[in-house]
Structure formats: C-alpha cells, structure tokens
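**Student:** Sequence:
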Amino acid sequence: MPTVIKSVRTTAGFLQGAHVEFAPGLTCVIGARGTCKSTLVETIRFAFNCNPERVEFLLTTSKPVAGSENPPSHGLIPSTLGNGRVCCEVEDRSPTGSYKITVEREVGVTPQIYREEVRELSDSSVLQRLEIYSQGDLQLIAQDDRLRLDLIDRPHKAKVDSLKVERESHAQILRELGPKIRAKRIEVESKRAEVRGLEGLRAQLKELQGGRPTLSEELDRERAAFQERNSLLERLEGAIKGRITTLDSALASLKPLEGLPKLIGELAGLRMPEAGRLRTLLEEHQEFVVSTKAVVQEAADVETDNPLALVRVHFEEQNAKYYELRRDQQSVNDSLKREDTLKDQIAHLERQQTELDRMETEVADLTKQRQTSRDAIRLIGDDICSLRVREVEAINARHSDVIILALEQGVRSPGYADKLTTLLKGSNLRNQTDVVKDLAEKIRPFDLVDTVERSDASRLATALNRDIGQMTRLIGHVSDSPGLYDLDGIIFEDRLDITMYDEGVLKPVGQLSRGQMATALLPLILRSADYPLIFDQPEDDLDNRFIYKTLVEIVRDLKRERQLIFVTHNANIPVLGEADRIVVMQMETPLTAGAPVCGAVDEVKEHILNILEGGKEAFRQRQEKYQTLLTT
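For the sequence shown, our numbering begins at 9 and goes up steadily by one.
Read the hints as simulated data drawn from the structure, not as lab findings.
Each residue gets a CB set at the ideal place from its N, CA and C atoms; glycine is no exception.
Careful, some of the hints might be misleading.
Stated by the list, open to error - List time: in silico EDC-like cross-link candidates among lysine to aspartate or glutamate, alpha-carbon distance up to 16 Å:
id, residue 1, residue 2
1, Lys188, Glu368
2, Lys433, Asp488
3, Lys557, Glu547
4, Lys14, Glu114
5, Lys351, Glu236
What the hints assert, rightly or not - For each label pair, taking beta carbons as the anchor points, the in silico distance ranges come out as:
id, residue 1, residue 2, range
6, Pro187, His356, 51 to 57 Å
7, Arg522, Arg127, 43 to 49 Å
8, Pro10, Gln635, 44 to 50 Å
9, Arg127, Val410, 45 to 51 Å
10, Gly434, Arg406, 52 to 58 Å
11, Asp256, Ser102, 54 to 60 Å
Go ahead and model the full structure; you've got the sequences and the hints to work with.
**Tutor:** Here is the structure:
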C-alpha cells in the first residue's frame, strides 16, 4: 500500500477537537446521527481537491436559485471549517523509501503540500491518490455512462487524463485546420481559373513562331541579348525590393525592451550572483540591439534608386540597335511584337502557376496535418480503450458470477447530434430530425467533413438510403457554414455496459432497482489499488444480505492490499469485516465534535453494540425473536 492517510485534524471549526487517526488496513468510522462523520469525509475531499466540481459545490455559499433543491452538503466547508485549515498526514511508500507528506488547505486557497516538512512546489500527484464516495454517489454513477467509465479509468487516472488532454489538443488542431484548408482551396480554385488559358497561349506562341519570317542572324543575336538584359533587370529589381523589405523588417524588430534601463538598475541593487548574471545578459542585449540597429540603418540608407536607374539607362542604350534592326525589318517587327505580347502574358501566367503550385503544396501539407491529427485521435482512443479492456477483463474474471461488463469502443457522442441539428438549422430539409439521426448513427464526423468538401452527394445518398437531390441540398447548406469544422473535433467515447444477475437472469443496469444498481458498481470500486478508498455509508444503497454475503468478504481480502476508510451505520462491516481500527465520533457541543474513541473491535464493542445494534436490550430481543430461525 504505497499511500495511506495517517491522520486528519483541523485548526478550527466543527472538527477542531476531533483529531482522527486511521489504520493502514480497514478503518470504520461510526457514531450517532449528526456526529460529523460525513463532515469528516467531505473535509478530506476538500483537502485533496478530490473531484473539483464537488469541492466547488462544498465551498459555494451563495443562496440556491428559487425553486431548486440543494442537499445539506451545499456550502459545507465554509460553515464547518470557518477560518481554520485542515491538515492531513500521509505516508507515501515507494521502492526508494517512505516519505511523510502533509496536505493542508483553508477556504480560498489551493492545497499546500509538504514533503518531509518542506513545501512541495512541483509534484502534486499525491492529490490524485485518493478515491472518495459520498452518500448517494453509487446511484448517480450507475445512471451515467461517463461516470461509469471514470470508475474503470480510476487505476490509470493519470495516464488516461494525460491521453485525453493530448487527444483534445489534436481535436482543437482539427477545428482550426478545417477553415484554413477551406480558405486555401477557394484561393486555389480562383488561381486555377486564372492559369486555365496558359496552354492555349503557349500553343498560340508556338504557332506564331512557326509562321513568322526568318530573322537575320544579327537581329536574332540582338534579340537574344535584349531578352537577357530584360531578365537580368527584372531579377535585379526584385532583389533590391527584397533587400529593402528585409532591412525595414529588421529595423522594426530591433526595438529596445521597454523599461530595460530601470530593470538593469534594480538588478544592480540585488546582492546575489544570479541577479548579476541576468543584469550582464540584459546589458549585452541592449548593446547588441543598438549596434545591430546602427549597422542595419547604415545599410538601409545606401542609395539604390539612382544606380538602378543608371543600369536601366545603360540597358536601353544597348537595346537601341535591336530596336533599329526591328524597324528595318517591319514584317518581322510586327511578328515579334505579337510574340513579345504573348510571352509577357505567358510569363505572367507562369508566375501564377508557380504560385498555384505553392498553394496546392500548402493545401496538401494542411490536409496531411489534418490526417495526422485524425490518426492520432484514433490511436489515443485505442490506447485508452486497451487500458479499459484490461480492467474490464480483470473485473469479469473475478466477479462474473455477479456482474458482466462489456466495453464498446468509440460509440457514444451525444454532442454530435446536437451539432448536426444546429448545422442544419434553416436548411428546410424534409424530415430533418430523421436526417440528423441517420447522420449521427451512420456517418462519422470526419467522414462527413470530407464528403461535404468533395460535394459527394451520391455517397451520402447511398449511406443514408436517401434521395440524392436532398443530399445535394444538404451539402450545399452546410458547405459554407463555419460550424462544419467543429464536427471534425468531436470525440467518440467508449461505452461501458453493465449487466447483473437478478435471480439468475442477466439484466442491464438501467433495469435494476436502486439498490441493485449500487451493488453492480461495487466490483468496479472495491479493487486493489495503491491509494486509499473512502466510502461514506455504502450500506445506504445495499441490502444487508449482500453486505454480509459479498461486501464483507471482499473488504476482508482487500484491506490487506489497500487502505479502506468506511463511514458506516452497519455493524456487519466493522465486526465481520474485521476492522483494524474503529473511530467512534461524538459531539462535545451541538456544533463541536469531541475527541473520538478509537480502538480495535474488541476494545470498542460496547460502542458498536449501542450505536449500530441499538443497545443490549434491542440486540437481545432480536435474538429472541430470531431464535427459532437460528436453530433450524
């Protein structure tokens, strides 16, 4: 048992006088009604922040909304703890040794953790090493798919939580990638329309060149030199423009850090080596910015317009002979003019084609990223499911005579149908509710996104067995909706089905009585683990026969492997479960718990008799009433 709670105390409030110590095995907390037993459990929950939503409820002091009902635990912690704090002593055992950990907390402050009396700032994992069930929790869990899965995940909670965070990050990437891909594809289609005439222009040029008069050798030579000079000038102008852009960008980024001189001065006043090193680093950065900016500014000040203009003039002087030769050969000149015009148009479209190729590569890269995140979500789902399958198989192997668990991977996502309904709002599709139901059941979100992007109405019509015209209208309605890509980030969760034998007949958990529901969940809770289990009055949801025949037997075995702390009003649990320690809670005043009476079963059996059995006379009378049954 690597982690056990040794004791709990508070510095103020109802439990101030009740310092409670626990055994490493089974501790049963008993007491009359209203002796702060449940308060003890919820105070521990608050200290460890176990189930943050429940803790928030325990802390909320605001008045309930008119007409709503709030159980007694609403706002429990502020009213019972006051301005004090709760202190839990924990022993954390590991292969490297045993450590004393103290968890402290007061209202308005997060849990404070001390390892060997030194404040722990980086490792809060001890807060996750606790499992608590309050009164009525079993029935709530039995009716909620998500909470049932949480029970299965409990032994691997840290791992599953980490995988879920990673999965959600990929889901968020998908939500962001979809609109980017759509916008880029729209640009690609526009650019494709631009370059559509490129091949036709190339054909015209080839035909024109084939039919033009033969150039003289001198004109042909001068024309080649002319084209070479134009190409050089064009590349030179582009390079100068790029240089200016780069220098402007560098100057904009080379700004001194705001408040740096003052910060350097403040660091100089700190008498510690680290402050001195940081001051030197910032001073060097300041010098770097100033010197580099001066170099960049000097380069930016260099005149380029005049030299570039002189190059243009020089090239025009060299082009003069080419122009003269063209004038002398008028028929050739007209043909060359048409060629030059076509070449300019082709050059422009070729630049657009290069841009199109770049854009198509971007789309391909974005699509690949999307597929990578989709694959990652699937693989993470497989990893989570494999952890769950391992737990399900272990539980079935041990308790198949009572319950049978069945796990289905990735079949549940209530939010999918809701998002589809929102997406189709205003579409005027016939039988829209049925269409949403079919889509949610038959088409996975990313398949629907891909189908809409491809405008593949026939695939939808086939998959849903619906009219292709209706599916065409559906695609047309949702294709421009921003909400389309919210679908891509929807996670399909596993579903855990629980069936239980009721008089030899297997029944789904939804068909069981409230007590049977609780019974069906116990095998998922009473499992070997290296962290404590705290249970507040499990007998509220169970019948006595089950407690005696099954629960007590499981508890006797499990306490050797795991710390168990049970608050109970049922004598079978501490007596027949052979509790290692019994804590008898009692009140000193109506609002203050007194020091508890503690000991083994034999040491406090009179308290057990009076509190759990109704006293000697009640016990004796029951014995007399049952005498004939007990002797047959």
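**Student:** Could you check the structure against the hints above and give me the numbers of any it violates, in ascending order?
**Tutor:** 4, 6
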